[in-house]
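K.L.:
Chain residues, written in single-letter form:
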Amino acid sequence: MSVLVDDDTRVVVQGITGGEGKFHAEQMMEYGTNVVAGAVPGKGGQEVSGVPVYDTVHEAVEEENADTSVIFVPPAFAGDAIFESLDSDLDLAVAITEGIPTQDMARVNKRLTETDTRLIGPNCPGLITPGEAKLGILPGNIFSEGNVGLVSRSGTLTYQVVDNLTSRGIGQTTAIGIGGDPIIGTDFVDALELFEDDPDTDAIVMCGEIGGEDEEEAAAFIDDYVDTPVAGFIAGRTAPPGKRMGHAGAIVSGSGTGTAESKISALNDAGVPVGDTPEEVADHIEEFLG
Amino acid sequence: MKLHEYQAKQVFADAGVPTPESQLADDVDGVVAAAEEIGYPVAVKAQVQVGGRGKAGGIKLVEDEDEAREAAESILGMDLKGYHVDRVLVEEAVDFVNELYVGITMDRGEGKPVAMVSTKGGVNIEEVAEEDPEAIAREHIDPSFGMHPYQARKAVYDAGVDQSVARDVSSVLTTLYQLWDDKDGADAEINPLMVTSDDEVIAADAVMNIDEDALFRQPELAEMEEEASGGDELEQKADEYDFDYVRLEGNVGIIGNGAGLVMTTLDLVDHYGGKPANFLDVGGGAKAARIANALDMVFSDDNVDSVVFNIFGGITRGDEVARGINEALEQFDEIPKPVVVRLAGTNWEEGMEILNEDLVTVEQTLEDAVQRAVEYAGEVEA
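Chains A and B supply the protein sequences, listed in that same order.
50 is the number of the first residue of the first sequence in the numbering used here; add one for each residue after it.
13 is the number of the first residue of the second sequence in the numbering used here; add one for each residue after it.
These are computed hints drawn from the structure, not numbers from a lab.
Careful: at least some of the hints might be erroneous.
What the hints assert, rightly or not - One-sided excerpt, in silico: chain B residues whose CB lies under 10 Å from chain A:
1) Gly-272
2) Thr-276
3) Ile-323
4) Thr-328
Given the structure is predicted, the values throughout are model-derived calculations rather than measurements.
All C-beta atoms, glycine included, are put in the ideal place defined by N, C-alpha and C.
Here chain B stands alone, though its shape is the one from the complex (with noise of 0.2 Å):
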């Protein structure tokens, strides 16, 4: 789960991170009185959730009120990468001379927590990354004992941070592990973190992602979920329906239990000549409302023309899975795109009995399912 920038902000900032002066807006006069209170030049950033929000026009810097309603009129309601802006940060703009990177992330390969420092900060610190690893000091952490202070400012150093600020990082990367250790950080990050003339150091922007299957620790940050969550409709209804959810391009909707099966039948859809339109994971032990459900939100997409379920019961049963295709089905009059399921595994032979076959097509194996659902599919239309 990502924090928006004010949310996240608002964490560091509580954990005491330097942050500029801001306030949240969703409508031009509140943007202009925003903006009066915390004195031109001010920063209008949108608040959505994806990254390169300035190149994108979703971030602008404003000298006065007319400048300030511009900005406003054009950010709120526009559609930034597929996202419906409908809040602003409204922020004082800090008038820096350097820009750095802090982040702390879990670092799979080693299984150990990473803290990074650079001073490339304030660009895309992922081409850095692939272009000048280099210029990333790395930090590994042993999570039972926490971040020392010696690593925060071995990182630092190891970086080249300048000396006259060089003590103030090494306390805001302390406490951004501190923040990622106890909030069960994903990963936080501040890119930039400003360093201004007068050699104070001052979060420029905030990221926070938090581990899902820790939020029941984490009460408080459950409940900025809901604001935190956004993104298109389907993304929306998928998240209700807490499946794993991802649309694409294509035309056919393809519905698995267990995500690397469910790849793999993308892979053979588009092995097979089609275009895959959503990867959608019941996961495991799902019963017949889920399936359901699944169907529902496959249908409620309007690219989707075929519909292909791939079901490998483990600990998923076929006979659950056939008793939720039949329920999905029973209820429209006419099937709205045709649906080819394969059962396998556990209680297969039971489900195959229960399904109802009036409504859907059945094939035995995976290749030939897919093959089938392609062909019901057609060519995607341009």
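If we strip away everything but chain A, and leave its shape as in the complex, we get (with noise of 0.2 Å):
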């Protein structure tokens, strides 16, 4: 079973006719995923890869059906294809895109409030059901399913984790990349909820790193309202105070929070231990399924 995602997921996949976009829809073809349509403007009425392309995401939405995003258009024009998305009425709509200014998400955001679509990412790698669909860039081989959750701020950190998972016989039910920028769609707490709601998910793996607040408030969040154990793992421990954070930023959060001590300790203290090694996230992951 899974979140989000599934075998009926009718993908549009915008930028298609890009280098990223190409290789990526093929590979998610291949992994199983339903891609029905591509949305590049000026590209309506060509394939790729079978795939037919439409000048708008409006268009994929009436022609083929399409339900969910993956967005694969380059950082400058990325905010704008985000809108699009949200406002064609899609289920789901994923940033896989790196670099897309701060302002331009700030009013994606904005939009977010006023539509029922739910944006994942941006500078993220994605999600994926395994054995059932991939949306996104996640190297599909190292997935296996079964009965854990995983959501993670860093896309190669996502991957190494499930290594150590897999590599021990534990699959996942669904893993979501989403993304390590200051402004995303799905945070930890919306992706908790998504695996507490879900009968198949036993367990749950949160990967967080420092900076910002939202493993702070994931942590409150499982204190009251998640069941389904879970283990955590925050990546930064000895990363120094960070010469990229500007001060005002630091003004707005209180330089208390956003450290690696803060977030572990919030963590431990909603009853979440937090390894110091990836494989010690699967040793507890081990621990609660028996």
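Put the complex together from the two separate chains, hints included.
P.N.:
Here it is as structure tokens:
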């Protein structure tokens, strides 16, 4: 079973005629994802790897009943591409693009509150329900079917932790890469809620990192609402106080939060064990599953 | 990308924010000439990208030519928290009665811009934020509408700014938001915004951070970037190669793909008793040449005693990584520092076939790779 994506999901790939868009559309189809259309302005009427291309997402929805988009559009145009998805009444939009200006994402974020579309990303690897479908760039072969839900801010760290799980024979219901940008759509709390409500998810892995307060918020949510056991990992315990952190940002959040210590202790207080290494995360999950 | 003070002040002044008269100088005579023109007293301020310049001796108030020479000699060429000072701003010293703080930034928790005003300016505002958060008024802005004038006024009155300057401070805040919005700012701050005995406000400092991802649509600011960048030699090299790179104190060099995985590698080095020498993220989809550049980068740090390569391919391909490692190492008669390689994910098997195993140590798991690199690096020299 799965959350958000399965083999009935009807996918339109925005930017399918680009190098990345084409390559990953093919990879997704090879994995079993139901890619029904592409959308690229000016390329309507073409075909890419057997998939019809439309000028707009609206057309893809009308003609092919697309309900989900995966966005491989360059950063300068990606904010607009996300707006197009949101305004096409899709159920789900997955933005892979890295490097979208933050102010564009703030406007997208506002729009999100006015539509029913769920956004995943941007700057994320996407999501996968092993054995059914994948949306995005995750390497399908390292995942396996099972009963662990995974949510992560970091793409490659997701792969690492999944590798530790799969190599012990622990499979996944769905793995969701939510992306590490300052402003994202679906966050930890949203993903935890989905896994908590999924009868087939028996344990959850949550991979966070330093910066922001999303992990602290997730810990509070777990404490109040989540009965499914959760194991955590926080990357960046040894990272120096960020040279990049502009100081106005620190004023907003106060400097006591956002550190690895504050995230780990918040999670521990919510009953979530946090592994020192990805191996230890797999140990905890193994214990949960008995 | 952070602008220098003199650049940010120019941007603010062009938009109509009152700023003190000032001139940039890069030698002692230049400082004196600028001071004569502006008229004493003046402040001589090091133009480097670090906070706490005053406390570190990088800002001096001078009353006459002798003091100006003395200040210029001590500041120009000094090493300020690792940054070489080669330029100073000579600036009219403003006689003030009050110091305020105004700033605009993105509140990532809310996903919205936020305007901040405080009457506790002129000091370390981060400390104020932590110890007395109520002393900073905050007003969130809807980015699709921009800042309404009432919001600027509300923030100013909430902060308790004196009635005599409230209108001018609101106007500065509105201008600051407009700039932040137009220029793709990450942060725009004035600390302190000085209030004179004549009830005038004037920006005595200026901070402007630009969203790097938006530089493509800010050509004028992108031109300033070359001037604005700086820092130590390795960091400049990282800028040239376009890597996310942070230099650290240890001796295990770390290269990986994806910030989360690289940070995890750092954490594991520490976990197994080693000390990371750096954070280097090659990013997604790196080709062979970029991998070779990453190795060149880490080899040029004298503190590095061993290197661990941790690549988990998704969009990045193992065969490209292996080619890059070979390319970088085959030019040496003798490998300068031992290199441990761990390849997983997309095309790792192809990568392992290509990789010249005479030049590197291969490990299958992250844990083994890190432990081996820590072992090779040995103790950090004191």
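K.L.:
Hold the hint about Thr-276 (chain B) up to the distance rule: shortest CB distance to chain A must be less than 10 Å.
P.N.:
holds (5 Å)
K.L.:
Have a go at the Ile-323 (chain B) hint: is there a Cβ in chain A nearer than 10 Å to its own Cβ?
P.N.:
holds (8 Å)
K.L.:
Restraint: Thr-328 (chain B) near chain A, CB-CB cut 10 Å. Satisfied or not?
P.N.:
Cβ of Thr-328 (chain B) sits 8 Å from chain A, so the hint holds.
K.L.:
Once the shortest beta carbon distance from Gly-272 (chain B) to chain A is found, is it less than 10 Å?
P.N.:
holds (2 Å)
When held up to the earlier numbered hints, the structure conflicts with none and fits them all.
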